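Participant: Each chain is listed here by its residues.
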Amino acid sequence: MIVTEQKAFTEVNESLVGHQKIFVIGCGSCATAWHTGGEAEVKEMVEKLQGAGKTCIGWAISEETCDERKTRRELRAHSSELAEAEGVLVMSCGAGVQTTALVLEDKPVYPALNAMFLARLQRLTRADERCLLCGECILASTGGLCPVTLCPKELLNGPCGGYNHGMCEVNPDRECAWVSIYHRLQRIGQLDRLHLIQSPKDQSKRGHPRLVDKGAA
Amino acid sequence: MALLNELFEAKKFVVTVEIGPPKGVDLTEALEDAELLRGRVDAFNVTDQQSSVMRLGSLPLCHLLKDRGLEPVFQITCRDRNRIALQSDLLSAYVLGVQNILCLTGDHVSLGDHPQAKPVFDLDSVSLLQAASLLQKGQDLAGKELKGKPQFSLGAVVTPGGDPVELQIIKMEKKVKAGAQFFQTQAVYEPETFARFMDKVSYLNVPVMVGIVLLKSAAMARFMNKNVAGVHVPENLIEEMDKAPNKAQKSIEIAARLIREMRPLCQGVHIMPIGWEKRVPALLDAAGL
Numbered sequence: 001m002i003v004t005e006q007k008a009f010t011e012v013n014e015s016l017v018g019h020q021k022i023f024v025i026g027c028g029s030c031a032t033a034w035h036t037g038g039e040a041e042v043k044e045m046v047e048k049l050q051g052a053g054k055t056c057i058g059w060a061i062s063e064e065t066c067d068e069r070k071t072r073r074e075l076r077a078h079s080s081e082l083a084e085a086e087g088v089l090v091m092s093c094g095a096g097v098q099t100t101a102l103v104l105e106d107k108p109v110y111p112a113l114n115a116m117f118l119a120r121l122q123r124l125t126r127a128d129e130r131c132l133l134c135g136e137c138i139l140a141s142t143g144g145l146c147p148v149t150l151c152p153k154e155l156l157n158g159p160c161g162g163y164n165h166g167m168c169e170v171n172p173d174r175e176c177a178w179v180s181i182y183h184r185l186q187r188i189g190q191l192d193r194l195h196l197i198q199s200p201k202d203q204s205k206r207g208h209p210r211l212v213d214k215g216a217a
Numbered sequence: 001m002a003l004l005n006e007l008f009e010a011k012k013f014v015v016t017v018e019i020g021p022p023k024g025v026d027l028t029e030a031l032e033d034a035e036l037l038r039g040r041v042d043a044f045n046v047t048d049q050q051s052s053v054m055r056l057g058s059l060p061l062c063h064l065l066k067d068r069g070l071e072p073v074f075q076i077t078c079r080d081r082n083r084i085a086l087q088s089d090l091l092s093a094y095v096l097g098v099q100n101i102l103c104l105t106g107d108h109v110s111l112g113d114h115p116q117a118k119p120v121f122d123l124d125s126v127s128l129l130q131a132a133s134l135l136q137k138g139q140d141l142a143g144k145e146l147k148g149k150p151q152f153s154l155g156a157v158v159t160p161g162g163d164p165v166e167l168q169i170i171k172m173e174k175k176v177k178a179g180a181q182f183f184q185t186q187a188v189y190e191p192e193t194f195a196r197f198m199d200k201v202s203y204l205n206v207p208v209m210v211g212i213v214l215l216k217s218a219a220m221a222r223f224m225n226k227n228v229a230g231v232h233v234p235e236n237l238i239e240e241m242d243k244a245p246n247k248a249q250k251s252i253e254i255a256a257r258l259i260r261e262m263r264p265l266c267q268g269v270h271i272m273p274i275g276w277e278k279r280v281p282a283l284l285d286a287a288g289l
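Keeping their order, the protein sequence lines are chains C and X.
All letters in the first sequence, in the order written, are residues 1 to 217 by this note's numbering.
All letters in the second sequence, in the order written, are residues 1 to 289 by this note's numbering.
Hints are computed from structural coordinates only; laboratory data are not their basis.
A quick note: this is a predicted structure, and the numbers were derived from the prediction, not measured.
Treat the hints loosely; a few may be bogus.
Once the Cα atoms are required to be at most 30 Å apart in a straight line, the calculated DSS-like pairs of lysine-lysine come out as [said to hold, decoys possible]:
#, chain 1, residue 1, chain 2, residue 2
1, C, 201, X, 11
2, X, 12, C, 201
3, X, 137, C, 201
4, X, 177, X, 12
Computed footprint of chain X on chain C, listed as stretches where at least three residues anywhere in the stretch have a Cβ under 8 Å from a Cβ of chain X [said to hold, decoys possible]:
#, region
5, 143–154
6, 157–170
7, 173–187
8, 190–197
The C-beta atom is built at its ideal place from N, Cα and C for all residues, glycine as well.
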């Protein structure tokens, strides 16, 4: 899941300066699960905008804002309101905001959220970062726990000298990623994998913007 | 002047001392501190923006020491440079006559005075050692051939008090495989712990220099126990410091005692005076070095 946070309403309101008629779009995927841009949050936003003197001429939820086909279909159903809208506020991650902007072409589109990280959803109110999308997964040798994500230094060959009583020097409330990996490998009988030297990452796989076109080849 | 690996091969008990470049360009004090120890230590270990605090670089001070006939150890961390810059700085060190290299991961930027900086960590201490080893063979990390091969004496660090210590030992083993020829340790205050550690790593057959940090007060000892990874000052030493009327004298007495007790266990000592550089000659006297 992509974890997002709502921007302060003042920032959102300032970005809409000069626009009276606003259309709000929420996301049925991550932002719904994390309660930052689902139906309830979209309705709250509509009220806030009206409280700030804006006219909300409509709202919609795209099943997945980042899926261009789904967003296009959803917005087509609201074409008359959108034609009238001066600005469109999107309550999703940056991928959803940009997908909407590309679908709407000549309409100004604004973000209501900040996208933060790719996470495990632990419970309704707690999510922790689990993947940096590095393009070169090494979880097979680390007991299914990722040092690239969990170690602030992204170390591949074991802990730095900074782990103190098993805890990370940078985030003393969290266990050192390599201590976690060590315990996990011990539990699953794969401690031997800790002795393999990992080569430095191919950072070019993280070079952005990345694109995959499975149909092109 | 000899490289550290040559001294270890000659079975010499090696003594190094850490010196930190200043924040700024006034080198008077750093060079004075080094002069005080001329002829008394085998090498000066020059820190690389220690604790992620922006300072003058390690390499220029290493070079200036070398020019004065003092043997430097160039500490190089992965915090601020990608693999291109790290390999280039290793080549630069060699042409400046700096061949003792201590390869470190480096502290995280969040602990220093520029916490907003982008941390690099493109390589880690193990892959940095691999890179240095490759350069010595005339190749870089991209597999390209070098014009002229550098020669280094490659060192690394280990924390004997790390918990779990097995993780330290596995990483130490990787560092040896990657080319480390000697180790220096984090500060040690418990000879028994150190003896157990040395026993566990004897299979690696690599010289180890025990790390000595001068205790300045009981409060400093308690602070380190709480905050410094893998460092444990036992209660009896804290009490000794607490009761001592002359802290500096007691500090030297304790450090000298630790060196004497641990000397038979290892191949050298690495002294980290942390501001008490001027007291190192007295420590060396008291430790019989």
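Participant: Keeping to a limit of 30 Å between CA atoms, is the pair of residue 12(X) and residue 201(C) held or broken?
Facilitator: Outside the cut-off at roughly 39 Å; violated.
Participant: Do at least three Cβ atoms from the region 173–187 of chain C come closer than 8 Å to Cβ atoms of chain X?
Facilitator: holds (count 3)
Participant: Quick check: the region 157–170 of chain C, covered by chain X? Criterion 3+ residues, Cβ under 8 Å.
Facilitator: holds (count 12)
Participant: Below or equal to 30 Å on CA atoms is what counts here, so check residue 201(C) against residue 11(X).
Facilitator: Status violated; Cα separation ~39 Å.
Participant: Are at least 3 residues of the region 190–197 of chain C within less than 8 Å of chain X when you compare beta carbons?
Facilitator: Three-residue rule met by the region 190–197 of chain C, so holds; n is 3.
Participant: Given as covered by chain X, does the region 143–154 of chain C meet the bar of three residues or more with CB within less than 8 Å?
Facilitator: holds (count 3)
Participant: Does residue 12(X) sit within 30 Å of residue 177(X), going by the straight-line distance between their CA atoms?
Facilitator: 24 Å, holds
Participant: Has the given pair, residue 137(X) with residue 201(C), been kept, meaning a C-alpha gap of at most 30 Å?
Facilitator: 22 Å, holds
Going down the numbered hints, you'll see the structure goes against 1 and 2, while the others check out.
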